[in-house]
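Knowing the structure of chain A, use the given hints to seat chain B with the ligand on it.
Spelled out, the chains give:
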Amino acid sequence: MSRQKLKRLGVELPLLPTSTVGSFPKTPELAEARAKYARKQITRAELEALEKKATEFWIRAQEEIGLDVLVDGEQYRGDMVAYFAELMGGFQTGGLVRSYGNRYYHKPVVVGEVKWPGPMTVEWWRWTQSLTRKPVKGMLTGPYTVMDWSFNDYYRDRRSACLALARQLRKEVEALIEAGAKIIQIDEPAISVRQEELPFAIEALHLTVDGLPAYFITHACYGAFETIYPDMLDLPVDNLDLAISNSALDLLKIFEKDPFTKDLSLGVLDVHSHSIETPAEIKARVMRGVRVLPPERVWVDPDCGLKTRTVEESRGKLAAMLTAVRELRTELA
Amino acid sequence: MDLILSSAGSYPRIGDAPDLQRHRRAYAQRERGEISAGEFTKVENEVVAGVIREQIEAGMEVVTDGLVRWYDPYSHFCRGLEGATIDGLLRLFDTNVYFRQPVVKGPIRRKAAIIVPEYEFARSVSTRPVKPVLTGPYTLSRGSILEGGYRSTHELALAYAEVLAGEVRELSRAGAELIQIDEPAIIGHPEDLNVLEAALAAAGRERGAARLLLHLSFGDVAPLYRDLQALPVDALGLDFTYSPKLPALIADLGSAKPLALGLIDARNTKLETKESVFPVLDAVLPALKTGPTYLTPSCGLEFLPRARARLKLETLKRLRDGYLGGHR
Ligand SMILES: [Zn+2]
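Same order as they appear, the protein sequences are chains A and B.
The numbering of the first sequence is this note's numbering, which starts it at 1 and goes up by one.
The numbering of the second sequence is this note's numbering, which starts it at 1 and goes up by one.
Looking at chain A on its own, in the form it has when it is part of the complex (with noise of 0.2 Å):
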């Protein structure tokens, strides 16, 4: 049913379509010039074209990999919470949090309505596009997950602050819409962690997506379906990404039980690892999703964001996926 709303859209993926989950590690020459930058040391314009030089690499990195949906690899983004908070209205930086150990952040405060300031990713999108004929995936971070990661003054409650965050992101979304994205996948992260607020995620999304053109995915991180199945099969998208890498679930028995009724992205890639997997052991962890579901309807990726790799890991583990996957393309043709 999927592959229909991708076909119309004009999206032509083969089987087992794969892809990433948004970030990749930023390029040691970047990495660099962005704590240049925080020293005052360099201009914002100088780090621009460093943030494109690394963007461009990562795109020429997915195609010699033979990715199928491309991502711009958010070279240009730090927190993907703060990232948003910064641009739109009604936010402020807040003070420092600890998150472990002796890393501490900026937490954003919600201090006044928010307000979508006009596009925040588009140009990005548009520009990465332009570098490859692959379809490359617009990416954002969803309401609930950006009202999660957030104090709240102003809003009357975490709901009230969740969909006025949707009624926003909506913007977004019909922006990149506008400039051509038929691929939106909306991050959320943070999805599972109040399992009695999972109805008003769900109404945020659909005040995020509703009616509008375009196959979306939604990637939610380690745990989440343990917590949330199967009431999460009501988020109004189209492709569900979960990560199976690190578990020992047996979705057979899960969804014997209440059917997956998505397109769902197998997150098979462990990112906290720095051991690359051999291409057998992918094949055997996509076969457990293909086992259960028709092979059209399942996508094969990394469980979260690579960010915390190295250049070179994700290259070998992107690599070895690839593997596996063109392997399994032949055998199950």
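To be clear, the hints were calculated from the coordinates, so they are not data collected in a lab.
A few of these clues could be false.
[As the list claims (entries may be wrong)] Not everything, but these chain A residues come out facing chain B in the computed CB check (under 10 Å):
{"#": "1", "residue": "99"}
{"#": "2", "residue": "103"}
{"#": "3", "residue": "105"}
{"#": "4", "residue": "117"}
{"#": "5", "residue": "118"}
{"#": "6", "residue": "119"}
{"#": "7", "residue": "223"}
{"#": "8", "residue": "225"}
{"#": "9", "residue": "272"}
Note that the Cβ used here is the ideal one computed from N, Cα and C, for glycine as well.
Just chain B with the ligand, lined up with the frame of chain A:
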């Protein structure tokens, strides 16, 4: 009626002003080997003293040491144990904070006192009573990876209880009158209440004159409320921020145990008002059969920036004084 103001655990160890960043700088210097363990402890001592001073200035009548020396609520206990090691990062309940998971490989045994020396230092720099905080045996067990020594997380909870019993005994002897035990993990596992009960009984066995305050946060405590009343502890600390039904439930069922009312949201910056707090006090206070009653943040304040944490405590004092003064 007495309403005692108290912190509920952690306090931010750094602030945004440069002079409040000493701990962060010293931590980094310690990691790079530029200062000795002793020099770092000296900085920690100063930060603990500052955190206690700040709580007292904000009006707290019972303070904590801010858990300034804890890496996190799990590994802080397990670093001092035989039979346990520390593994990778895991998300702490529904927060954006991460803890290092303990791995239990064999029988666990305390190598030395863990919280007692921290309590003794805090008491030496505080003009108000200090409440030591322990992560509870059930929660420690739930957060651990079990690789050997015990057959189940239940058995492991009882083993952690034995370790904590030693802490409780020594804290009581050192003069602690009120000891807080955090057991957030039980909220997601009400089926394990009997395990919690056995573990708390063991941990508190030698508490002497000290009273045990069981604190629950990071989830809705209302479904558990009735059962909590039967647990072998002397007082209950409750996070009200997840539980819209809790005030009515307490009003209805009453409480045979003294309560610590976690009315101030320690997870969000928005400040409470009398409109949000007074109706809860009106509902709950008449149902309490015994005191003292504590007013606290919903959990540790480390989830907030330092300046806001202080403001939250000042708000708590202003609301308490306003309520008792009848300024409605
Ligand atoms: Zn993820």
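Hint by hint, which ones does this structure get wrong, listed from lowest number up? 4, 5, 6 and 8
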